[in-house]
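Visitor: Sequence:
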Amino acid sequence: MSATTTTTTLKEAAGARALSVRWIIGARDDLVWFIGSVVTSYALFALYVGGLVPLVPMVAAWAILVDAPHVFATFSRTYFDREERRARGRLLRWSLLFFAAGPLAVLAGLGFLFFFLAALWAYYHLVKQHYGFMVLYKKKNGDLDRADNFLDRAFLLLAFTYPFVAFVARDPEALTRVPEALRGWLGVLEGALLALTAAAAVAWVVRQAQRAFLRLPLDVPKYLLLAAAVPMHWVVLLTPMPHKPIAIVAMLTVYHNLQYHRLVWFHNRKYARAGEARARHGAAEFISRRLAHYLLLGVVFGVWYQVPRQLVNHAADPEAFVTQLASGFLWGYALLHYYLDSKIWRVRRDPSVGRALRME
Numbered sequence: 004m005s006a007t008t009t010t011t012t013l014k015e016a017a018g019a020r021a022l023s024v025r026w027i028i029g030a031r032d033d034l035v036w037f038i039g040s041v042v043t044s045y046a047l048f049a050l051y052v053g054g055l056v057p058l059v060p061m062v063a064a065w066a067i068l069v070d071a072p073h074v075f076a077t078f079s080r081t082y083f084d085r086e087e088r089r090a091r092g093r094l095l096r097w098s099l100l101f102f103a104a105g106p107l108a109v110l111a112g113l114g115f116l117f118f119f120l121a122a123l124w125a126y127y128h129l130v131k132q133h134y135g136f137m138v139l140y141k142k143k144n145g146d147l148d149r150a151d152n153f154l155d156r157a158f159l160l161l162a163f164t165y166p167f168v169a170f171v172a173r174d175p176e177a178l179t180r181v182p183e184a185l186r187g188w189l190g191v192l193e194g195a196l197l198a199l200t201a202a203a204a205v206a207w208v209v210r211q212a213q214r215a216f217l218r219l220p221l222d223v224p225k226y227l228l229l230a231a232a233v234p235m236h237w238v239v240l241l242t243p244m245p246h247k248p249i250a251i252v253a254m255l256t257v258y259h260n261l262q263y264h265r266l267v268w269f270h271n272r273k274y275a276r277a278g279e280a281r282a283r284h285g286a287a288e289f290i291s292r293r294l295a296h297y298l299l300l301g302v303v304f305g306v307w308y309q310v311p312r313q314l315v316n317h318a319a320d321p322e323a324f325v326t327q328l329a330s331g332f333l334w335g336y337a338l339l340h341y342y343l344d345s346k347i348w349r350v351r352r353d354p355s356v357g358r359a360l361r362m363e
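Going by the working numbering, the sequence shown opens with residue 4, and the numbers climb by one from there.
No lab work stands behind these hints: they were computed from the structure. Not one of these hints is a red herring.
With a straight-line Cα cutoff of 30 Å, these simulated BS3-like cross-link-like pairs (lysine-lysine) come out: (1) Lys273 <-> Lys131; (2) Lys131 <-> Lys346; (3) Lys142 <-> Lys273; (4) Lys142 <-> Lys131; (5) Lys131 <-> Lys247.
The calculated label-pair distances, taken between Cβ atoms and stated as ranges, are: (6) Phe216 <-> Ala111: 51 to 61 Å; (7) Ala111 <-> Arg173: 23 to 33 Å; (8) Leu298 <-> Trp97: 26 to 36 Å; (9) Val306 <-> Leu116: 29 to 39 Å; (10) Ala323 <-> Leu197: 34 to 44 Å; (11) Gly112 <-> Ala275: 43 to 53 Å; (12) Leu68 <-> Met362: 22 to 32 Å; (13) Arg281 <-> Leu217: 46 to 56 Å; (14) Trp97 <-> Arg352: 10 to 20 Å; (15) Val35 <-> Met362: 17 to 27 Å; (16) Ala201 <-> Trp307: 41 to 51 Å; (17) Val325 <-> Leu192: 30 to 40 Å; (18) Ala103 <-> Arg149: 36 to 46 Å.
Please read all numbers here as calculations on a predicted model, not as lab measurements. Ideal Cβ placement from N, Cα and C applies to all residues, glycine included.
Using the sequences and the accompanying hints, generate a full structural model.
Guide: What follows is the structure in structure tokens.
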């Protein structure tokens, strides 16, 4: 083979790799559930800001019908899975102490700090899921160069952190939920984060241009995910609206919820594939045997968990001691979900998760 032929062949091979388009489930499912479901966040945003939907019905319907069932989805593959209880028994038992964290903090006079930290963890949980989906796409598409890993992580974390800090710094209602000692620093932090976010964005764009110039594969699903999630957070967090600290929770989280439901349902197909699944997995197999089972039980859990929480959140005296105790206890469901989520989706450390998600 001549040198000219060899060069041509290499260029053609590089050109064939110029775009990498490998999905977690498949193009249709990923585009609808992991990327396109961001339209639900924009829909809630438009309906509420446009005055078409009142705050309390919007938040209550989302919490009971969508958000609480996604917490149940975590439990479906942990506490309800006989095999998981055997493998992670200690983790699952000790994690139940999150139900005591809030009441103990209130009893110790640290309720204000507890609710502040719980809210920060809630937002970090959203960001961490976007990061997790990005990593899944990076693994699927062989996008694991050290420089790209660093820039992707830095850009994503900064792009989600800046608008959140800007929202807290500018919204009077949000400021009341921040410890007084931290309020004076929010303006400085906002400015620093804006500069860092701009620098990270420039560096990230330059790196993508470099990859294109070098004919390195461009991770299309990763780009689509970032294009869906990042602007939505900026739009929701930086737009003025009434009762913003409550309203944005539903707007930001509904996208996260739908992503998670689809990922869990895909993961839980392992129960149908496993031999003698009912004996091995117990109730988890029944929950995932039919979509109707999964949805109905999720809504039942939503009523069990979120109806009391919504009543507490909208109590006549939210500062009352008993109300604070109840709110602290009910936060335990969310904290338990956040913590378990950080443990059960580690593809590298748990090969069974990688197999269930078909990461090979």
